[in-house]
Amino acid sequence: MTRHEKHNPWGSALTLLALAAVLNVSRAEAQLVARPTGPEAPPVTVEASIASPEFALGGSNLFTIRVTNGRIQNPPDSIPVEGLQITMVQDGSTSPLKDAAGRDAGFEKLYIYYVSAEQPGKYVIPQLDITVGGQVFRTPPLSLNVIGSMPSPLEMNASKPYFAMLNSPKREIYVNETVPLNLTIYTRDNYEVRDVQFPNIRPERAVVKPFARNLESGSDTIDVYDFKTYTARASMFALAPGEIRMEPAPFPAVMASFVTRFSSVPVRQGTESKTLATSLLTFEALPLPAEGRPTQFSEAVGRFDLAPEANPRQLKVNDPITVTLTVTGAGNFDVMLAPYFYGTDSGDWKVYDATKEIKEASNGETEGTAVFSQVLIPLKTVSELPPFELNFFNPETARYETTQTEPISITVAPDPDALSTDALMGAAPNGGQAAAASQPVPRFEDILHIRTGSTHWRKSLGTAGGTAVFWTAQLIPALVLLVLVALASSRALKAHLESRDQRSALPTYRSLRSQLKSHTRSRMEFYRAFLECFQALEREAPNLSGNGSSTGSPQKADIENLKGHAAKVVYGGSHSDGRERPPKSKEVSESLRMLDKLAAASRR
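Under this note's numbering, the first residue of the sequence shown carries the number 14, and numbering increases by one thereafter.
Accuracy of the hints is not assured; some may be wrong.
As the list claims (entries may be wrong) - When the alpha-carbon atoms are kept at most 30 Å apart in a straight line, the in silico DSSO-like pairs for lysine-lysine are as follows: (1) Lys222 to Lys581; (2) Lys530 to Lys597; (3) Lys329 to Lys222; (4) Lys597 to Lys576; (5) Lys241 to Lys183; (6) Lys183 to Lys369; (7) Lys372 to Lys329; (8) Lys507 to Lys173; (9) Lys530 to Lys173; (10) Lys363 to Lys329; (11) Lys173 to Lys183.
Claimed, not checked - Here are the computed distance ranges between Cβ atoms for each label pair: (12) Gly283 to Gly147: 57 to 65 Å; (13) Arg218 to Val137: 25 to 33 Å; (14) Pro333 to Ala303: 32 to 40 Å.
These aren't lab readings, by the way, just hints derived from the structure by calculation.
The beta carbon of each residue, even a glycine, is placed where N, CA and C say it ideally should be.
Could you build the full structure based on these sequences and the hints that come with them?
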């Protein structure tokens, strides 16, 4: 008996496609294994990174080990860190690499671990010894900060089409140490940032410099999402030791939106204003150490060089000389005091206060220049200008350091016009008594005449206060003013009555809120009704701030994000986001919860 099986051409094709995909992924790895291990072999590298140096308790993070041209021997399923749970979720996915000419350059394997925390605090993922092809690579330790509050559903997350992050390469700083501050806006492919009004960040015990106007474009991958990035740079420094918190701050940004049409070609749809918010950023400010603090400390923190210039170099006693001191480097120029002059207490110089001009970099970097200009007057003949000294604290070495100028050669001659002491005391040159000074004779132009006779007053002019012409001239402008005030008041009253009639004709918040749950046939219908309900609440509570100052009140950034999300669904002009499908129950409940919170806050 012969058995005939039915042949499925589609199943065979899918099997062949899957096999080809596996072979294509492994091809670069197989080619590397087949190559010799001499100078022509691609190098093996190992890198470790985390998706974000900070995340909230209850959230998650990703720890990635990236191996180029090799595989880890026995990769660990978990990494032990007290207080953290780090477990592997992807075991060495392989991707081929290409060089600049498009030729095979080996392959890359990713080992991805899921990170979660049991309680808030600061953690360190220790250095790991990774064995690849018999060679041991050591990854650097990585710091993590877990904050103690769960983020709102409307706050930043990588699944949103756009969000903003505030970050700094250093989180533990010294008082007066200037550190970079970066504001990065992340957008998906269908959004581009065109203009930004930067947030006003004013933390306690710290100074934040203005953001540079230019945006640096780039790209990044967070979780599994590809983003375009737009980064603005600034700097900040702490005024006092302790924790410094930069709370989320809302700010508007103008974005251009695109839709994909005509063979996957992006077509610009228009520009619209979006409201974003910065992420929470915290610093720990340390006090400057007391040990080794110089007596003439300039309060400067950073790394600096000092260069002097004096003009003129040839002068007489009591003539001024201007010294220009140029301080260059990276650090805080705002609190820096003038360099100390060694001739201050010698009695040979009269020293005036120095002026300071700061020339900082315009791109938000910490490098810059401070120019001090100081006037000095020699009180006697000297042959050199004493040195100047600048004492500063270097945060990289955690020590006080000093830079000093060399003495400058100058020529100071005696002042021939200065009176000698003998001349001032009235002594004769030969030691005898000087002749008495002659009695001064007054001149006629030095004497002013004083009148002694009686004063003659002019007759005063008569007043027009009692005449009819005077009162008529005063009454006419007053009547005109009264008529104008009456007309303006009448128009204002009429406009008020019309506005009140219009408001009374509009539906109330209570009536719209009671019908909101019935508009759930599509997301667009639900969010259109939601916006009408929100507008009614704003009409009935015009002083509603929504700043979240009361306990249980929604944050203003959450409200604006929710309004923006609703407006995007209603007026977005695209069906790719599921406008016609029914809204999810969680989506409806979360929107209603935020709306009820806002209504409750308006009644307080």
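Status of the hints after comparison with the structure:
no., hint, result
1, Lys222 to Lys581, "violated (34 Å)"
2, Lys530 to Lys597, "holds (12 Å)"
3, Lys329 to Lys222, "violated (45 Å)"
4, Lys597 to Lys576, "holds (17 Å)"
5, Lys241 to Lys183, "holds (24 Å)"
6, Lys183 to Lys369, "holds (28 Å)"
7, Lys372 to Lys329, "violated (34 Å)"
8, Lys507 to Lys173, "violated (48 Å)"
9, Lys530 to Lys173, "holds (25 Å)"
10, Lys363 to Lys329, "holds (14 Å)"
11, Lys173 to Lys183, "holds (27 Å)"
12, Gly283 to Gly147: 57 to 65 Å, "holds (58 Å)"
13, Arg218 to Val137: 25 to 33 Å, "holds (26 Å)"
14, Pro333 to Ala303: 32 to 40 Å, "holds (39 Å)"
Against the hints set out earlier in the document, violations occur for numbers 1, 3, 7, 8.
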